Amino acid sequence: MSADRFHLIVTCLLRGGFINRTANPELFDYLEEPANVDDINDFLGRLGLRALRTGSDETWFAALRRLDDTNRSAARETAVQAKRELRHWVGFLKLTMAALNEPAPAAGALLHAHRLSQAVHENLNLQETLRTLCQRLRSTADASLQKMLESVINWAVRPEQGLLELIDEDKGIYRLTGKVDWVLDMILAIDESLERQASSAPRSAAGFPVPPSLPPDAPDA
Amino acid sequence: MREHILNVIQALHQNRDLIADAYCQGQGIAPEKETETAFTRLLKVKALTPYIEGSFRLDRRLRVFFDRAVNRVKIYGNSTHYAHVVGKLEAMTDAYQSALIAADIQSQEECIDEIIGLCDEFATGMKEDIEHFRMVVDTRKGFSGGGLKDRLLHNRNYVEQAAQMVEAVGLLDQADLLDAIRGFTELTNVLLRHLYNRVEGSDDLRRRLFEVQQALNAALFDLQAAHHLVEVLLRLDDRLARQADFEPPVWENDDDLPDMLFRFPGFPLPNYPDPNGDDSDVLLSLLMEIRDDRRPSARPVAPRAGSLDDAGAPPPVKPSASEFRRALNLLLTEVDHRTAVISVMTWLRTQHDRETLYPYSPVIWLGTLSCAIDNGLKPPDGWRYQHQVAASDLRWETPVLTDIWLEPDVA
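The listed protein sequences correspond, in order, to chains A and B.
Under the numbering used here, think of the first position of the first sequence as 1, with each following residue one higher.
Under the numbering used here, think of the first position of the second sequence as 1, with each following residue one higher.
Note that these hints are calculated values from the structure, not bench results.
None of these values were measured; they are calculated from a predicted model.
Ideal Cβ positions, reconstructed from N, Cα and C, are used throughout, including at glycine.
Check each hint, because a few of them may be wrong.
To be verified - Sample of chain B residues facing chain A (criterion: CB under 10 Å; computed from the structure):
{"no.": "1", "residue": "H228"}
{"no.": "2", "residue": "V232"}
{"no.": "3", "residue": "I373"}
All chains, please: the whole structure from these sequences, using the hints.
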């Protein structure tokens with residue numbers, strides 16, 4: 001059984017997949033043992049890889065070992081890709097946050113399509129976010145809200161994006177995948193870097209406005 | 001007035017089932033179509049109070065009344081005012097002091113019972129609060145209109161509430177409670193004995209408080225992380241919305257690159273296990289091939305310190321400039337005392353000052369000297385260097401330096 005799990009984990013990681021506590025509890029439990037992680041890392045090390053955890057400690061993924069310039073350029077390529085996708089991710093997470101049970105989006109959280117639809121229909125700000133996201137995804141921005149939602153969900157479910165996985169087609173229930181944890185880490189890293197830049201540069205030359213402080217009585221835009 | 005009271009009692013009596021349900025269900029009860037009138041009436045007589053998500057709960061004082069009536073250990077419900085309890089505790093201490101002065105044993109016993117009850121109430125209220133807090137956080141239904149900022153504010157309120165509770169729990173150690181009583185040694189002893197008898201069984205006050213604190217801290221930690229995440233998301237969204245040409249940062253320094261950027265994007269692999277019942281032989285053999293091609297698992301182990309095999313750290317390959325200078329000075333001193341030819345190799349081998357030459361072998365010293373000579377090291381006045389080289393046939397073999405002689409320079 002453990003050999004089986006070993007193969008499953010390795011196959012998943014080598015495919016660029018994520019192992020999340022909620023989505024893959026058995027595989028995640030296997031990785032809770034430090035000896036098993038060593039075993040996996042020993043294996044991945046032959047390919048110049050290692051298993052890493054996201055900041056929330058809830059998701060594992062395969063990462064390049066920091067060895068040479070090739071890997072550095074690969075990392076830079078990932079950064080460029082992340083820049084390209086950043087607007088989509090932020091828009092998508094802002095949308096989903098409106099329909100989750102959790103206080104904040106996290107891998108493993110369930111997303112009910114009808115709840116999302118209800119939230120979007122009730123909130124103009126979210127409608128605007130949805131429209132912008134659809135424009136960026138080159139989807140039809142002038143379609144109905146429902147159509148736009150469907151296209152966004154389909155985009156997120158697509159294997160190359162892999163932010164959502166379908167749990168129950170009849171009830172329209174989806175689950176946020178482990179990639180969401182990775183995306184959130186990415187967003188936090190970008191934000192941290194921006195904050196550092198903003199604090200080091202003079203305020204007048206900062207180039208972007210001061211982050212909003214979100215007063216408690218501020219009405220929703 | 002009497003009629004009014006009778007009306008209230010009648011309202012309670014007519015809706016006794018509802019009241020019993022409300023008392024038994026800590027999560028509150030929600031009105032249905034047929035019970036809407038009853039709910040309105042009970043709300044009017046203040047028997048029910050609004051709770052979360054459109055549900056209602058029995059009024060706190062009524063719950064306390066029922067608790068006492070059925071001798072329930074749990075006395076107070078949600079939102080016990082901790083400061084209020086401490087105030088009552090102090091008042092009760094004063095009462096105990098008076099009873100002590102008056103030597104009224106009956107009153108003393110009553111005061112002690114009351115004080116213990118207050119301690120228990122403190123802990124119970126706290127535990128219920130955290131349960132309520134967690135229930136609200138866990139079961140809060142999804143976003144219902146409003147706005148994201150509302151949600152953020154909602155979270156912030158809970159964070160603040162939780163922070164206050166954690167702070168309150170910090171005061172809640174048994175010892176702190178006793179300190180709050182500002183009691184005398186005798187009173188403290190009596191209370192300790194009573195508390196000990198009381199908590200010895202199933203209901204350990206201290207353990208409960210500890211659990212409460214742990215649960216609160218965990219919930220607070222999660223909530224703060226979530227709160228921070230939502231703030232960052234909204235901040236970034238705001239930036240993206242305001243600046244069309246917004247450029248995310250570039251990490252100039254490679255060392256600053258976050259781990260996330262090193263994610264391996266993956267390559268296509270056959271399915272495992274194969275959905276068609278195939279044993280996925282190709283994949284397994286591929287994986288095994290990589291797995292078998294590993295380093296030997298037995299790694300060389302360093303000898304135990306002090307053991308016979310422990311030779312210490314390996315020496316550097318050649319002496320440093322200062323070490324060479326010291327050794328050369330020794331050699332020159334020897335030259336001063338002699339007039340005959342000196343073989344450096346023989347001198348190295350017979351040199352008693354091992355400390356200076358340690359840990360390099362004579363061959364290494366010879367090689368170093370040869371290099372120095374090649375680099376322009378001059379012999380002492382009146383002497384010259386003579387290299388001795390071994391090679392059976394210089395045409396085919398590389399000559400090997402075997403010795404350097406210091407000879408008096410006759411010329």
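Could you check the structure against the hints above and give me the numbers of any it violates, in ascending order?
Violated hint (a single one): 3; every other hint is consistent with the structure.
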